[in-house]
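Assemble the complex: chain A is given as a structure, and chain B must be docked to it using the hints.
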Amino acid sequence: MRDIAWIVLKDLRQQVRDRTIFIFGLIAPLAIAAALSLAFGSFFQTDEAVVFEFGISNADAGGPISEAFSVAMAELETEGLVGITFHRDRFSLERAVEENEVDAGFFIPDGFSQAIVEGSEAEVIVVANPDGPVVAGVATSIAKQFALEVASASAAGATLAILGGLTPEQMVQAGLAASQANPPARIASLEAEIRQLDAPTFYSAGAAMFFMVFVVGTGLLSLLEERRLHTLARLLASPISPGRILAAKFLLSFTVGTGSVGLFMLFSRFLLGADWVDLPATALLVVAAVGASAGIVSLVAGWARTAEQAQNFQSVVAVAMGILGGTFFPVAGGDTFLGTLSLATPHAWFMRGLGDLSGGGGLGVVALPLVVLTGMAVLTLTISVLGARRNMRP
Amino acid sequence: MNTPVTAPAPNRSPLVLQVEGLRKSYGEIQAVKGISFEIAPGENYGLLGPNGAGKTTTIQMIAGVLAADGGRVTVCGEELTTVTTSVKSHIGWVPQEVALYDRLSARENLAFFGRMQGLSGKELTKRVEEVLHLTALSDRAGDKTIKFSGGMRRRLNIGIGLLHQPDLLILDEPTVGVDVQSRASILDQVEEMTRHGMAVLYTTHYIEEVERLCRRVGIIDHGELIAEGTKTELVKMVGERDRVLVNAVGNLSEGVNRVGRLEGVHQAGVTTEGVELLVDDATPLLPRIFETLTRSEVSVTGVHVEEPDLEAVFLHLTGRALRD
Chain A
0 MRDIAWIVLK DLRQQVRDRT IFIFGLIAPL AIAAALSLAF GSFFQTDEAV
50 VFEFGISNAD AGGPISEAFS VAMAELETEG LVGITFHRDR FSLERAVEEN
100 EVDAGFFIPD GFSQAIVEGS EAEVIVVANP DGPVVAGVAT SIAKQFALEV
150 ASASAAGATL AILGGLTPEQ MVQAGLAASQ ANPPARIASL EAEIRQLDAP
200 TFYSAGAAMF FMVFVVGTGL LSLLEERRLH TLARLLASPI SPGRILAAKF
250 LLSFTVGTGS VGLFMLFSRF LLGADWVDLP ATALLVVAAV GASAGIVSLV
300 AGWARTAEQA QNFQSVVAVA MGILGGTFFP VAGGDTFLGT LSLATPHAWF
350 MRGLGDLSGG GGLGVVALPL VVLTGMAVLT LTISVLGARR NMRP
Chain B
0 MNTPVTAPAP NRSPLVLQVE GLRKSYGEIQ AVKGISFEIA PGENYGLLGP
50 NGAGKTTTIQ MIAGVLAADG GRVTVCGEEL TTVTTSVKSH IGWVPQEVAL
100 YDRLSARENL AFFGRMQGLS GKELTKRVEE VLHLTALSDR AGDKTIKFSG
150 GMRRRLNIGI GLLHQPDLLI LDEPTVGVDV QSRASILDQV EEMTRHGMAV
200 LYTTHYIEEV ERLCRRVGII DHGELIAEGT KTELVKMVGE RDRVLVNAVG
250 NLSEGVNRVG RLEGVHQAGV TTEGVELLVD DATPLLPRIF ETLTRSEVSV
300 TGVHVEEPDL EAVFLHLTGR ALRD
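Top line first, the protein sequences correspond to chains A and B. Mapping of the first sequence onto numbering that gives the first Met the number 0: residues 0 to 393, in sequence order. Mapping of the second sequence onto numbering that gives the first Met the number 0: residues 0 to 323, in sequence order.
If you're looking for bench data, these hints aren't it; they were derived computationally from the structure. In this text, a Cβ means the ideal position worked out from N, Cα and C, and glycines have one as well. Accuracy of the hints is not assured; some may be wrong.
Claimed, not checked - Derived pair list, reagent style EDC-like, types lysine to aspartate or glutamate, alpha-carbon separation capped at 20 Å:
no., chain 1, residue 1, chain 2, residue 2
1, B, K143, A, E224
2, B, K146, A, E224
3, B, K121, B, E107
4, B, K230, B, D241
5, B, K146, A, D17
6, B, K143, A, D17
7, B, K32, B, D220
8, B, K235, B, E310
9, B, K235, B, E262
10, B, K235, B, D138
11, B, K32, B, E227
12, B, K143, B, D220
Claimed, not checked - Partial list, computed: chain A residues near chain B (C-beta under 7 Å):
no., residue
13, R16
14, A236
15, P238
Okay, chain A solo, but in the shape it has when bound:
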C-alpha cells in the first residue's frame, strides 16, 4: 500500500501547487451557489423546507375511491409533506390555481368511483399553472401513484372475487381495504418528490455536485498527463505493478472528490448558511456520489487519447449531468421523460437523498439513493478500470 500512498501524495502535492483544484473544488462552487441562491432563492419562499399547497375538488362525493384519494392526501398533510384545501367545484379550483392560492389542484369528476368499479376508464384531472412545472410534476406524480394504488387494489379485489364470488363493488372495496392496510408504502414513494431543500442548501448541494464532476476526473487526467510527461513509462519501469499505479490514480480521484466536497460543505455552512442535516448519512451520500461520478467521468474520459481531450469530455459530462441531474433547478417529477432521464445521473440521486434527509428519518430514508449510487459506482468504476488499462503504456 505504501507505493500507492506515495503516488497519491505526490499527485496531491502537484494538484495543490497547481491551485486548479481549489478553483473547481471550492471557490467556483461557493461563488455559483451564492449567486444562484441570491438570484433564485425566492423560488423557495423561505429557508424552511417547502410544503406544496394542493387544492382538491371532488365531484364524486361519496364515491369509495374518490374518498380514498382524499384520505391519502390527508395522510400526506398529516406527515407535513403537503397542505390541502377543498374546493366546491372545478371552476373554483382552477381559479385558486390561477391566483396562486394553491400550487396545483386535483379535480375528481362525477362517477369516478363507479367507472373504476365497472372497469371503465376514469381519470383524476391535475390542474396546474404552466409557470410551475416542478409543482405540476409533483401533482402528476401523486395522481399517477394513486392510479397505481387503485390498479393494485383492483387486482387484489379480483383475486378475492375469484376466491369468494364478490360483486364488482365489493371487489373494489375489498381491494382498497387491502391496499390501505399498508399506507407507508404509498407515502414513501411520493415523499422524495414532495420534499424540497431550502435555497442555500439546494444550491450548495447542486454546486458541490456540479463542480465535483470537474475534480473527480483528476486521477484519469493525471494518468494521461503522466503519459505526456513520460513519467508513466518511468513508473512502469519501477518495481511496482501497473495495477497498483492504476489503483493510485483512482484513489486520487476519490480523495480529491470527497475532500473538495467535504471542504465545500464546511465553507458553505458558514458562508452561505447551508443546512447539512444528519452528517453521517450525508457523508455516506457524498462518498457514494463521488464514487459514481468518478466512475462515469472515467468511463467517458477513458476514450480520450490526450489529457486535453479528456478534459473536454469531462466538461461535457459535467454540464450535461449537472443540468439533467437538477443541480441548478429542480427537474420535474420522475414521471416526465426528463425526470426519468435524470435518474441516470448521480446528481439526481444525491439531491433526492439530501431531500429525504431534510425531512428527518436518518440513514434509513436514504437507503435507496445510497444503493443506486453505490451500484452506479461499482459498475462504472469496474468498466473504466478495465478501459484505463489500455493507457498503461509508455
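This is chain B only, laid out in the frame that chain A set:
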C-alpha cells in the same frame, strides 16, 4: 560530476542481461525482429542504429515498460515481463525523453522515484544527496524542475536512473538535444558508472559516443541486429581497410609501383600531395612503406592514417549513412 559512484551489489549471475529473440510488431509493421544479445557485469554495450531502427522499442521491452510479442529478457538471472516487479529493481532506465515532474523540485523528484524503487528512510536521503552531488544539482535541489535548463533536466533524468544503484543502467539516447558542455558531462558520468562496475546498455546514433564509451557494439537496422562485436572485430568482419596518405616528393611513380607490391597493400596511387594507399592494417606496415619509398628515391615529409570507423562499417552493412 566527479563524485565516485558506489559500486552495485555483486551479481552472482554470469550475465547481467540476456536478450533472446525479442520481437515486437505494431500492426503490420515489425519494429523488432528477433534481437538477441548479452551484457556481462561491468560491461558497456552500445546499441547503434539510425532513427527508427528499433532501438527505443528494444530498450523499452528490456526495461519492462513495453510487452514483447515474443522472445525473452533475463536480467541478473531473472526473467522479466511488464508485470514482474522484483527483477525491475536491478534496472535503472533513463528514457530518451526527459521524464520529470515539473511542479516538483529536483530533490522531490529524486525522493519520489527513490521510493518507487523501494528506498526509504536514511538510505533514501543519503542516495538523493549523493545523486544531487553527482549531477551537480545540489545548489538547485529545492527548485522546481520547470525552472531548469535543458542540460540540468537531462542530468537529473540520468540521476534518477542511478538512484537505486542498479546492476544494469539503460541509457536511451541520453545526449539528444543537449549542448556540448552537458553532453561531455553526461559522457563522463557514463564512463564513471562503468569504471565502478555497473553494466551499461547505451543506445545512440552518434558514432563517436559509442566509440568512446562502449567496448562492444551491436548495430541495429530495420529492427534487426545486423552485426555485433568490438570495433576492431566489426571492421574486420566487413573487410574495411586503413587509408594511408603519404606527403612525399621525388620519383613517386616508382615508389607507388614498389609499395604496391608489398604484402598487405591492396591499392596504391599517386596524388597531388604524394601517395595514397589502401592497406589491411597500417600500423605494422608503416616502417616497410617508408623504407620502400626511400629506396625508390622518394622523400617523405608527412603521413596521415585513416582507420575505418563504425560509420564506414554501417555504410558497408546497410548501403546508407547512419544519419540518413
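We went through each hint and held it up to the structure:
1. B/K143 with A/E224: 17 Å, holds
2. B/K146 with A/E224: Satisfied, since the Cα-Cα distance of roughly 19 Å is no more than 20 Å.
3. B/K121 with B/E107: 15 Å, holds
4. B/K230 with B/D241: 14 Å, holds
5. B/K146 with A/D17: Holds, at about 15 Å.
6. B/K143 with A/D17: The given pair, whose Cα atoms are some 12 Å apart, holds under the 20 Å limit.
7. B/K32 with B/D220: The given pair, whose Cα atoms are some 10 Å apart, holds under the 20 Å limit.
8. B/K235 with B/E310: 14 Å, holds
9. B/K235 with B/E262: Holds - the C-alpha atoms of B/E262 and B/K235 are around 17 Å apart, at most 20 Å.
10. B/K235 with B/D138: 49 Å, violated
11. B/K32 with B/E227: 15 Å, holds
12. B/K143 with B/D220: With Cα atoms ~39 Å apart, B/K143 and B/D220 exceed 20 Å; violated.
13. R16: This interface hint holds because 5 Å falls under the 7 Å limit.
14. A236: It holds, given that the least Cβ distance between A/A236 and chain B is near 4 Å, below 7 Å.
15. P238: Holds - the Cβ of A/P238 comes within 7 Å of chain B, reaching about 4 Å at its closest.
Checked against the numbered hints above, the structure breaks hints 10 and 12 and satisfies the rest.
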